[in-house]
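Could you build the full structure based on these sequences and the hints that come with them?
Each protein sequence line maps, in turn, to chains A and B. The opening position of the first sequence corresponds to residue 26 in my numbering, with each subsequent residue numbered one higher. The opening position of the second sequence corresponds to residue 26 in my numbering, with each subsequent residue numbered one higher.
Keep in mind that a hint or two might mislead.
In silico lysine-lysine, BS3-like type, Cα no more than 27 Å apart, as pairs [stated by the list, open to error]:
hint, chain 1, residue 1, chain 2, residue 2
1, A, 170, B, 170
2, B, 94, A, 207
3, B, 94, A, 213
4, B, 170, A, 213
5, B, 308, B, 94
6, B, 308, B, 170
7, A, 239, A, 170
8, B, 213, A, 94
9, A, 207, A, 239
10, A, 94, A, 308
11, B, 170, A, 207
12, B, 213, A, 170
With the Cβ distance kept under 8 Å, some of the chain B side facing chain A (calculated, not the full set) [to be verified]:
hint, residue
13, 232
14, 251
15, 257
16, 260
17, 265
18, 283
Rather than coming from a laboratory, the hints here were simulated on the basis of the structure. Cβ atoms here follow ideal geometry from the backbone N, Cα and C, with glycine treated the same way.
2 protein chains.
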Amino acid sequence: MARIALDAMGGDNAPREIVAGAVAAAEEGMDIVLVGDEVICKDLLAEHGATLPVVHASEVIGMGEDAGKGVREKPDASVVRCARLVRHGEAAGFVSAGSTGAAMAAASVVIGRARGVQRAALATIFPTPGNATVVLDTGANTEVKPDHLAQFGVMGAVVAEVYVGLDTPRVGLLNIGEEQAKGRSLEKTAFTMLEAAPINFVGNIEGRDLAAGKADVIVTDGFTGNVLLKTAEGAAFWVIGLAMEALATLEQTHLEAVLPALRRVRHLTDSESTGGAHLVGLKGVAVIAHGSSSGTAILNALTLARTGAEQDLVGRVASRLAAR
Amino acid sequence: MARIALDAMGGDNAPREIVAGAVAAAEEGMDIVLVGDEVICKDLLAEHGATLPVVHASEVIGMGEDAGKGVREKPDASVVRCARLVRHGEAAGFVSAGSTGAAMAAASVVIGRARGVQRAALATIFPTPGNATVVLDTGANTEVKPDHLAQFGVMGAVVAEVYVGLDTPRVGLLNIGEEQAKGRSLEKTAFTMLEAAPINFVGNIEGRDLAAGKADVIVTDGFTGNVLLKTAEGAAFWVIGLAMEALATLEQTHLEAVLPALRRVRHLTDSESTGGAHLVGLKGVAVIAHGSSSGTAILNALTLARTGAEQDLVGRVASRLAAR
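Rendered as structure tokens:
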């Protein structure tokens with residue numbers, strides 16, 4: 026059973042919702058260690074009538090803080106302690122809903138990259154119709170080289186195998202047209218490298234293909250991927266808002282019939298149901314949950330981390346990259 | 026009255042829907058000149074019982090063709106003829122629903138940039154709630170320098186004044202976080218330049234803010250802007266599809282009550298209602314309509330082009346850039 030360290034102090038709803046998520050995960054048989062203020066954590070656990078191992082951490086890196094500086098200057102920050110448990114083999118992975126920058130910095134500095142990995146990437150799993158779609162990088166590296174994108178293709182394929190359960194995921198390169206000659210010099214060179222990589226490369230993919238099922242993995246730099254992620258969220262939110270507004274004119278009986286269906290749609294498209302992003306390419310599993318995570322979102326993130334640990338995401342990424 | 030040249034041969038539904046749009050525009054009092062195969066255009070006009078001026082063009086640049094090569098090697102292509110009418114002052118602007126690349130190439134090569142403009146940009150007007158939002162560049166320049174982004178900010182502000190009717194549009198820089206230090210070196214330098222520009226610069230804007238009304242103009246490079254545009258389209262389409270699917274389980278009477286509202290939402294978010302993108306920074310107005318434009322979409326695009334011509338978009342961009 027793979028143990029997962031959980032940053033109890035990170036996130037808008039920390040520590041209350043984080044502890045609630047941990048308790049729910051433990052009830053499902055997961056092996057969780059809470060990392061944070063020991064007194065607070067134990068008090069909250071007592072409210073649930075639960076006992077979980079707690080590793081004390083006296084500090085927190087806030088959302089607005091400089092992440093690199095925070096990791097260097099706060100060795101006792103909860104997210105740094107989480108990463109250290111992974112580094113020392115006391116946990117197979119960690120989950121944090123705190124500052125994404127701090128979690129990335131702690132993971133990179135403390136856990137370190139797996140052999141052969143040039144850049145760790147943030148992989149987000151979109152709950153698209155049919156199979157989910159893995160997009161990477163969604164924010165770890167704002168500026169990349171073509172070879173980094175080729176590695177992201179290989180790492181993303183492993184993420185889709187492990188988390189989406191696909192045998193030979195189709196990997197696409199995010200671009201502004203389907204033809205090979207499209208895009209920046211970055212994409213033109215990466216295209217050739219992705220063709221040569223040990224993956225099922227299906228060519229260029231456009232932003233509108235995200236939900237169209239044309240690829241299981243979409244590769245891009247961390248700036249563009251972050252824009253794609255947030256634009257999709259914003260557009261989904263916008264359309265649901267428009268629909269709610271349009272339907273508000275309905276008679277009460279019709280409205281009551283419709284609302285449950287629309288709530289299901291909202292749930293399908295919200296960040297809760299995705300569970301979090303993965304920092305992939307490290308010597309350990311790292312899942313970064315949404316800052317606004319509820320207990321349910323934390324449970325989902327912990328489930329993802331456990332799956333990654335049990336299915337040896339780390340070892341598979343390293344061996345696949347070595348095959349290039 | 027500003028005359029607008031219309032490429033009758035470009036687009037998936039050309040020439041039939043294009044001519045239909047021209048006839049509708051003429052009925053509203055617009056001054057249109059059709060550019061395309063004279064015999065075909067006159068036949069279609071006769072079907073409508075309409076007479077409009079037609080300028081003959083014997084060739085077409087197809088969607089799959091190399092745009093630059095097409096413009097060089099097909100001087101009698103309809104979109105090239107359109108641009109030439111603008112260059113020679115016989116039209117104030119042109120509209121094409123054909124290849125975006127060909128329209129951009131024809132406009133740049135034949136009409137040319139206005140004085141002081143380093144790069145023409147493609148500006149798309151999103152029908153966001155409240156006021157529409159102008160995003161540029163959505164595809165003309167995949168790689169740009171910080172100073173180009175600063176110019177896009179000025180040009181985008183003029184587009185929002187002319188087409189959205191705003192007095193002091195708020196201009197934002199697309200980035201992956203709100204803080205000034207976020208983004209690539211491109212954004213970091215552009216931020217300072219935009220602060221110094223003669224516009225109402227409101228700082229960094231994220232993809233999720235597109236529909237949130239935080240800015241009236243969003244500035245970015247043509248690669249990222251194109252990804253944003255297509256991702257928003259794809260996500261909107263996805264959510265509407267999910268909603269339709271969820272609602273399909275409703276009883277017939279409820280469903281009948283709901284569908285008109287959802288159709289309104291679909292209409293609000295589809296490319297039809299936006300009318301097209303503007304190539305801004307040229308010595309003439311150029312509106313590029315969606316390839317799948319219907320007659321109604323063409324009418325909207327023609328209306329935009331006329332507004333741009335009548336409100337002197339070209340002169341205002343040049344004088345505003347000169348004020349930098």
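*Which of the numbered hints above does this structure break?*
none
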